[in-house]
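Enquirer: Sequence:
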Amino acid sequence: MRRDYERFKAHGAEIVLIGQGDPGQTQTFCREQDVPFPCLADPERKAYAAYGLGAGTLPQILGLRVWWRGFHAWRKGYSAGRPVGDVRQMPGVFIIDRAGIIRFIYRYRDIADNPSSELLLEQLTAR
Numbered sequence: 053m054r055r056d057y058e059r060f061k062a063h064g065a066e067i068v069l070i071g072q073g074d075p076g077q078t079q080t081f082c083r084e085q086d087v088p089f090p091c092l093a094d095p096e097r098k099a100y101a102a103y104g105l106g107a108g109t110l111p112q113i114l115g116l117r118v119w120w121r122g123f124h125a126w127r128k129g130y131s132a133g134r135p136v137g138d139v140r141q142m143p144g145v146f147i148i149d150r151a152g153i154i155r156f157i158y159r160y161r162d163i164a165d166n167p168s169s170e171l172l173l174e175q176l177t178a179r
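Residue numbers for the sequence shown follow the numbering used here, so the first one is 53 and each next one is one higher.
Calculated directly from the structure, the hints in this document are not laboratory data. All residues carry an ideal CB built from backbone N, CA and C; glycine is no exception. Fair warning: there could be bad hints in the mix.
As the list claims (entries may be wrong) - Each pair of labels, with its calculated beta carbon distance range:
hint : residue 1 : residue 2 : range
1    : 86        : 161       : 38 to 46 Å
2    : 126       : 153       : 13 to 21 Å
3    : 113       : 149       : 30 to 38 Å
4    : 95        : 160       : 15 to 23 Å
5    : 102       : 129       : 33 to 41 Å
6    : 130       : 109       : 21 to 29 Å
7    : 129       : 96        : 14 to 22 Å
8    : 127       : 152       : 34 to 42 Å
9    : 120       : 155       : 28 to 36 Å
10   : 123       : 102       : 30 to 38 Å
Turn these sequences into a full structure, and let the hints guide you.
Expert: Listed below in structure tokens is the structure:
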């Protein structure tokens, strides 16, 4: 999403990353990963719980697909950074309108899963 941030903004969207580290850890992660959008800290993982994002299973965290995608990302020079918080915490992406209504939910199948920018932009324009 960071590569397509301007495209999201052109559709009137704002991306916010919520990390499970403390504020310092979250800002360090976002700086090291060159994240162009706002980053918020949720060390108690209240937002994760509120949006129904629980702990992953062993295959969702350490499965073959996760290793395979991690290896390919590493070969391209990408790094996920040092783990902070509960490594079992599953991520998600939510499109929330200005009225606070959730319009789209993407729950990761495993920690290597990422929705494409195209899918998310498609959901934005469908509204």
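Enquirer: Starting from the range 38 to 46 Å, see whether the pair residue 86 and residue 161 falls in it by beta-carbon distance.
Expert: Hint violated: Cβ distance 26 Å, outside 38 to 46 Å.
Enquirer: Does the Cβ-Cβ separation between residue 102 and residue 129 fall within 33 to 41 Å?
Expert: holds, 35 Å
Enquirer: Holds or violated: the 34 to 42 Å window for the beta-carbon distance between residue 127 and residue 152?
Expert: holds, 41 Å
Enquirer: Taking the Cβ atom of residue 123 and the Cβ atom of residue 102, is their distance within the range 30 to 38 Å?
Expert: holds, 34 Å
Enquirer: Starting from the hint 15 to 23 Å, judge whether the C-beta atoms of residue 95 and residue 160 obey it.
Expert: holds, 20 Å
Enquirer: Taking 21 to 29 Å as the stated bounds, is the beta-carbon spacing between residue 130 and residue 109 within them?
Expert: holds, 24 Å
Enquirer: Cβ-Cβ distance between residue 113 and residue 149: within 30 to 38 Å?
Expert: At roughly 32 Å between Cβ atoms, residue 149 and residue 113 fall inside 30 to 38 Å, so the hint holds.
Enquirer: Quick check: does the Cβ-Cβ distance between residue 120 and residue 155 fall within 28 to 36 Å?
Expert: holds, 32 Å
Enquirer: Just to be sure I understand the hint, the distance between the Cβ atoms of residue 126 and residue 153 should be within 13 to 21 Å; is that true here?
Expert: Between residue 126 and residue 153, where Cβ atoms are some 38 Å apart, the hint is violated.
Enquirer: Does 14 to 22 Å hold as the CB distance between residue 129 and residue 96, or does it fail?
Expert: violated, 33 Å
Checked against the numbered hints above, the structure violates hints 1, 2 and 7; every other hint is satisfied.
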